[in-house]
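Line by line, the protein sequences are chains A and B.
One point on numbering: in the working numbering, the residue at position 191 of the first sequence is 191, and numbering is uninterrupted.
One point on numbering: in the working numbering, the residue at position 293 of the second sequence is 1293, and numbering is uninterrupted.
Because the hints were derived from the structure by calculation, they are not lab data.
Fair warning: there could be bad hints in the mix.
To be verified - Not everything, but these chain A residues come out facing chain B in the computed CB check (under 8 Å):
1. Leu94
2. Glu96
3. Arg99
4. Ala101
5. Asp103
6. Asn104
7. Asp118
8. Leu137
9. Val160
10. Ile162
Stated by the list, open to error - Derived DSSO-like pairs (lysine-lysine); straight-line CA-CA distance at most 27 Å:
11. A:Lys83 <-> A:Lys125
12. B:Lys1020 <-> B:Lys1031
13. B:Lys1062 <-> B:Lys1136
14. B:Lys1020 <-> A:Lys83
15. B:Lys1031 <-> B:Lys1010
16. B:Lys1236 <-> B:Lys1314
17. B:Lys1020 <-> B:Lys1062
18. A:Lys125 <-> B:Lys1236
19. A:Lys83 <-> B:Lys1010
20. A:Lys120 <-> A:Lys83
21. B:Lys1025 <-> B:Lys1204
22. B:Lys1314 <-> A:Lys83
23. B:Lys1231 <-> A:Lys120
24. B:Lys1025 <-> B:Lys1010
25. A:Lys76 <-> A:Lys125
26. B:Lys1031 <-> B:Lys1099
27. B:Lys1204 <-> B:Lys1031
28. B:Lys1010 <-> A:Lys120
Note that the structure is a prediction, hence the values are computed from the model and not measured.
Even for Gly, the Cβ is constructed at its ideal location relative to N, Cα and C.
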Amino acid sequence: MDGSYEFLADLRRLLGVYRRFEQSLYLLNAVIIASLIYIAALFLGIPAFFRFYWQDSIFAAAPVLFSLVFGLLGGKILRRWSKPDFFDHLDESLSEKTRAAYDNRDSDSVVMQSLAEDVKRRLSKVGAIEIMNNRRLNFGDRSVPVFQAKVGAVLLLAFVAIFSQSQAGEEISPQPFRALADLRERAKDLFGVEELPEEGASSEEISGEIYGKPSLAVLEEVNLELVLYPGSAAGFRSKETEPMDRLFTTSEPGVGVAVPTDLYIESLPPQHREIIKRYFENLATGY
Amino acid sequence: MRDDLINVYKDAPAIFETIKGEIGKVVVGQKSVVEQILVGILAGGHTLLESNPGLGKTLLVKTIAATTGLDFSRIQCTPDLMPADITGTTLIEEVEGSKVFRFEEGPIFANIVLADEINRASPRTQSAMLEAMQEKQVTVGKNTYRLEEPFFVMATQNPIEMEGTFPLPEAQLDRFLLKVFIDYPSPDEEYEIVERYTGHSEPKVDRVITRRELLSLQQLTRDVPISDDLKRAAIKAVISTRNWEGVEYGVSPRASIGLILASKARALLNGRDYVNREDLETMARPILRHRIILTFDSERRGVTADQVISNIIKSI
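Next comes chain A alone, as it looks inside the complex (with noise of 0.2 Å):
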C-alpha cells in the first residue's frame, strides 16, 4: 500500500480485522461442512461401522477426520467462489468512496486530497463491528449479518449432530430377549421338540456383538411397522450374550417352532403385549 495520505493507516488497520473475519467465516463454513457431512455420515452408520470393526484403532475416529478435511476443503472452496473484496464490506457510498481513494492513492490532486480526508475522517470511525455487520444474508425483505448466521448454522448443526450421536449409542438390555428364550424352552417342552443341531462353528463366532436396532423400541410406538435402522445402534455390548447367540444363531431357516398364541402373549411384557397382540392379529388378516 503505497501513498503518503493518512486514511491509508486505516484502511490498512481495517484491513488487518477483514482479514480476521474472513479466516473465521473460513472456519466457521469449514465447521459447518464438516458437520453436515458428518451427520450425513451418522445416519448412513458409517461412523458406527468404523467403530465397530476398528474400536481400538485410529480408524475408529476416521468418519470424524474425513469430515474434518473436507470441511476445510469445501471452505477453501467457498472462499474461492464467493471472491470476497475487503471494499464491499464499508457502507455503499464510503466503499464507492474508498475505492476510489485508493486506486488514486498515487495521484496529488486537490479533489483527491479532499476526498483522502473525507475518507480518513470516516474510516476512523469503522470497527470490527461495522465490518462484521455489512456483510449479509437476504431472506426477502429481511437481513441478517453473515457471521451471526454462520454461528446459528454452526450451533444448530452441532446440536443436531449430538442428538444424533447420542441416539445411536443407546445401549439395549437384554432383558427383552429374555422373555423370548424363556418361551422357547417352555415351546420345546410343550411340544417335546428336540434340540436342533448346534452348528458349532458359527456359535462359537459369536461374540456377543448386536447389529442393529431392536425391534422391541419400535414395537412401543401406535405404529407396527418394524423398522431396522442400519448400524444406527450398533456397537454396544451385551453384558448376557449366551442365550441371545443360541435364540438367534441355531435356528434353521424355515425352521419355525409353533408357539400357542396364549402362552406367546402371557410371556410378554404385559406394556407390550397389547400392541404384540394387534400386530399378529394384523398379519393374520393379511394387513
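Please build the complex by placing chain B on the supplied structure of chain A, with the hints as guidance.
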C-alpha cells in the same frame, strides 16, 4: 495556481448553484437538460441538442453563455451557408500604400459557438466545423489559427425526419461529447413559461462565473478520482456496443474517454469528490446514443439507441 484551484474547488458548489439559479430565471424546468449541458462545459466537450421546434434550445444555450460571460457567437445554419462563413476568410487590405492579406475571423472564433439548426447546413459546411471541434484550430489557406480555450460548440437540431435537413455524418456526430434530448414541459412548467413570457419584461441573467474560474473547474473535473472498477465498467459498456445484438456499428474509444470525463464532471457538479456508479449510468445515454448505429432490423422493430444502452448498462 494551486491556491486558485483550492479556492475554486471550495466555491464550486456555490458557483454551480448560482449558475443553475440564473438559468432557472429564464429556462423553466429542464433540470436534467441543464445538468447535461453543464457537464459538457465542465468536460470541455461539444453538445448536440435535439428537440422539436419551439422548446427553447437556442434560448437555453444563449442563457448558459450569458451566465459564463464568455465570448459567444451564433451561427444560424441554412442550406446556403458556406464554410468560410464559419471559419473566416482572408481579405486584401491596403495598409500604408501597400496591399496586405488580413485574416478576418469567422464566428467560430468564440468561446461558445451556437450552431443553430446545424442539420440545415449542407454537409460541406457541417464538415468545416470538424477540425475546429476536434483540434480546436482552424486552417485557412496555409495558415492555422488556434481557437481560444475554453471552446465549445453547442449545436441544436430538429429531428432528422423533418423536411429540409441533412443528417450529420457519423464522423461529425462522434465529435459531440453529448447528445441531449429536450422534451416537452409539463403542464405546470408550461403555465410558468406563459406567465414569464407574456408580461412586459423578460427575465435577464447575470454573469456569475469568470473565464478563469471555468478553466479551473475544467481542470478540477479531470482530477476527480474514479475507481479502477468503474473505469473498467465504462470500458466494458463501450466495448459491449460493438457486438450487441441489433447494433450495426458500436462506438469508438472516444466514447470511453467521453463517458469517464462526463461522469467526473457530473460528480463535481453534484458536489462529490469521487465518481460513483450512478454518474456512469446517468451519463451513458447522452454520451453513447448518437454514436450507436442500429441495424435496419432494429430500426424496423422500433428499437432505440437508448433502449440498447439501458440493456447494456443493466448487463455490466
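Structure-based check of all given hints:
no., hint, in the structure
1, Leu94, "11 Å, violated"
2, Glu96, "5 Å, holds"
3, Arg99, "4 Å, holds"
4, Ala101, "6 Å, holds"
5, Asp103, "5 Å, holds"
6, Asn104, "4 Å, holds"
7, Asp118, "7 Å, holds"
8, Leu137, "23 Å, violated"
9, Val160, "41 Å, violated"
10, Ile162, "45 Å, violated"
11, A:Lys83 <-> A:Lys125, "26 Å, holds"
12, B:Lys1020 <-> B:Lys1031, "9 Å, holds"
13, B:Lys1062 <-> B:Lys1136, "21 Å, holds"
14, B:Lys1020 <-> A:Lys83, "44 Å, violated"
15, B:Lys1031 <-> B:Lys1010, "23 Å, holds"
16, B:Lys1236 <-> B:Lys1314, "12 Å, holds"
17, B:Lys1020 <-> B:Lys1062, "14 Å, holds"
18, A:Lys125 <-> B:Lys1236, "35 Å, violated"
19, A:Lys83 <-> B:Lys1010, "39 Å, violated"
20, A:Lys120 <-> A:Lys83, "26 Å, holds"
21, B:Lys1025 <-> B:Lys1204, "7 Å, holds"
22, B:Lys1314 <-> A:Lys83, "21 Å, holds"
23, B:Lys1231 <-> A:Lys120, "23 Å, holds"
24, B:Lys1025 <-> B:Lys1010, "25 Å, holds"
25, A:Lys76 <-> A:Lys125, "31 Å, violated"
26, B:Lys1031 <-> B:Lys1099, "54 Å, violated"
27, B:Lys1204 <-> B:Lys1031, "18 Å, holds"
28, B:Lys1010 <-> A:Lys120, "19 Å, holds"
The earlier numbered hints that this structure contradicts are 1, 8, 9, 10, 14, 18, 19, 25 and 26.
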